[in-house]
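There are 2 protein chains.
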Amino acid sequence: MSKRLGLQTIVFQQAPRIASCSTIAGPKEGEGNFGSYIDKLVDDPMMGQLTPEKAERMMLYLACQDALAKAALTEDDVHFFVGGDLLNQIISSSYCARDLGIPFLGIYGACSSIVEGLGLGSLIVDGDYADSVLVATSSHYQASERQFRYPVELNIQHRKSNQWTVTGAAAAVLSKSGTGPKITAATFGRVLDYGIKSPNDMGAAMAPAAADTLCRHFADTGKTPGDYDLILTGDLAAVGQKLFVQLVKEAGYTLGSKHMDVGASMYKPTQQVGAGGSGCACSAIGILGYVVKEMLQGNLRRVLAMATGALFSPVSTQQGDSIAGIAHAVVIEA
Amino acid sequence: MSKRLGLQTIVFQQAPRIASCSTIAGPKEGEGNFGSYIDKLVDDPMMGQLTPEKAERMMLYLACQDALAKAALTEDDVHFFVGGDLLNQIISSSYCARDLGIPFLGIYGACSSIVEGLGLGSLIVDGDYADSVLVATSSHYQASERQFRYPVELNIQHRKSNQWTVTGAAAAVLSKSGTGPKITAATFGRVLDYGIKSPNDMGAAMAPAAADTLCRHFADTGKTPGDYDLILTGDLAAVGQKLFVQLVKEAGYTLGSKHMDVGASMYKPTQQVGAGGSGCACSAIGILGYVVKEMLQGNLRRVLAMATGALFSPVSTQQGDSIAGIAHAVVIEA
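Just so you know, the sequences run in chain order A and B. Under the working numbering, the first residue of the first sequence carries the number 90, and numbering increases by one thereafter. Under the working numbering, the first residue of the second sequence carries the number 90, and numbering increases by one thereafter.
Hints are supplied without guarantee of correctness; some may be wrong.
If several chains are the same, the list does not tell them apart, and a pair holds so long as it fits within one copy or across any two.
[Unchecked claim] Here are the computed lysine-lysine pairs in the DSS-like style, where the Cα-Cα straight-line distance is at most 27 Å:
| # | residue 1 | residue 2 |
| --- | --- | --- |
| 1 | 382 | 129 |
| 2 | 382 | 265 |
| 3 | 286 | 312 |
Simulated from the structure, these hints should not be mistaken for laboratory data. Here the structure is a predicted model, which means the values were calculated and not measured.
Here chain A stands alone, though its shape is the one from the complex:
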């Protein structure tokens, strides 16, 4: 019997629980709007390491260990580690998988990775292929800047449309049983490309995919914005979220105060981050930090959590390719 609804949505009949989650981030994120929702704030974004790549990896591993501990599980109890990150060859996740020793499914969806992972992990648990799955992702401002744009030391002037990669990591254990919030559905997205070519304007590149996935979700399920307490997008930030809201409106849905973009909300205006936050950890902290904690406190009941990814590399940009976008969504219910 198919578990599909409409063109792109999957309904989980044995909806997996978010048994535990853990978030970690640096001082800039601590000073931002979600500081109180982050489990562990570190003073040193370099984590005492020589390179930002190694610092990112350490944050990811710590978040994974903390999520396991909170779920009272060891690595041997978890059947899959589903992880991905922004760094070339997803080295943060790969080396973390080595240190964890859990069978590894490496994924890449750029900043959409957390929801690709939560959706895939839910499918694996819902389908009885695992009792528990660990899902995690990470990003680091310095590691991302020097990989995608310029080394931080060059002190390049940011544009208003630039986004600031969140330094942090987040992990969740999905399980068959428990009392945490449930993941009840997933809408996996298509890749859309509206021809945006500037790596300094990723929000605009991702907005069409976010609008597409949201409209597909509504069409598949018959739901409307009124069915959700919150419709979260990951890191469209100030420029991208305006386009997103406009595209969704043109498709016949008014989101109003139901919508929040984590990237646009991550930092305070005084923090000078251009259009807002981005990176795998941005949406991951929004979902596994803010949404889950607000649910556990009874302030949110039903959330559509989307994360968006900009699919490109410095090589593709240099070769004249435009930046494609993707967005995945999961429904989280208290």
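Based on these hints, arrange chain B on the given structure of chain A.
Frame of chain A, contents of chain B only:
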């Protein structure tokens, strides 16, 4: 009811069919030992494109289109595209997903990607989450050389332990119904690291993971080498396969003539490729070209197909990290 067997193996109760597959490769692969098993051989590895990255992407798209056509399906009939490749941010797969318009699950397992994809795609079909899933991967000698090692134009001398990245792509449609070979089980691997640091010796870095996954598969299922007509590894090549066979022997299993490594067998000795072939397309052509065609001709009945990936990046190498390895396995039955 759990569909797990032992620690790492999943048994597919509604074993998905390989409804169709397609392989494409360049002239060097055409002159090699698997030339007659490759569906489309092209004279120009650059595919008339200005860059090898764009050539790789075109090969991947052509393989996907051909697999869909052979299965008599359009993009709208396929519920997921599961794809990954070696290039930073898996741009070959991402842009191919854009051109296909099928909901996309991006994966990264380096050269193990085809089996990560076949295993994951089988799980999705077996679990009734999709009627059909398209799985594909690609690699390109020039694109890989200049990303991981040196631009081809530098004319760097290869060592004997170096491997030659296969230029090509392969795609398969997995479906609930049909008459093609079935994927009956999958063993997803852990990441192992024996401390190998040379990016010129990836076979040695991947061999421990291959041995680990094979031994786990045997332990989980109670099977032995005698239960299979062929035990295939992806791209350990000459150096890595010796270590693999030795490690497996130390664990109590003698493979003998049951074992074939695609990388070691891809090219002829006269082709001067160091230790042999590698790249995502190497194992993919071995599995979706050689194995599937031999099964359809009645020459193979039961194959354990493994693909191995070396998890590292030039950045991790420069920062002193060793190269971790992963291996995934699927059981394919006629």
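Results of checking the hints against the structure:
1. 382 to 129: within (14 Å within a copy, 54 Å between copies)
2. 382 to 265: within (20 Å within a copy, 40 Å between copies)
3. 286 to 312: neither (34 Å within a copy, 53 Å between copies)
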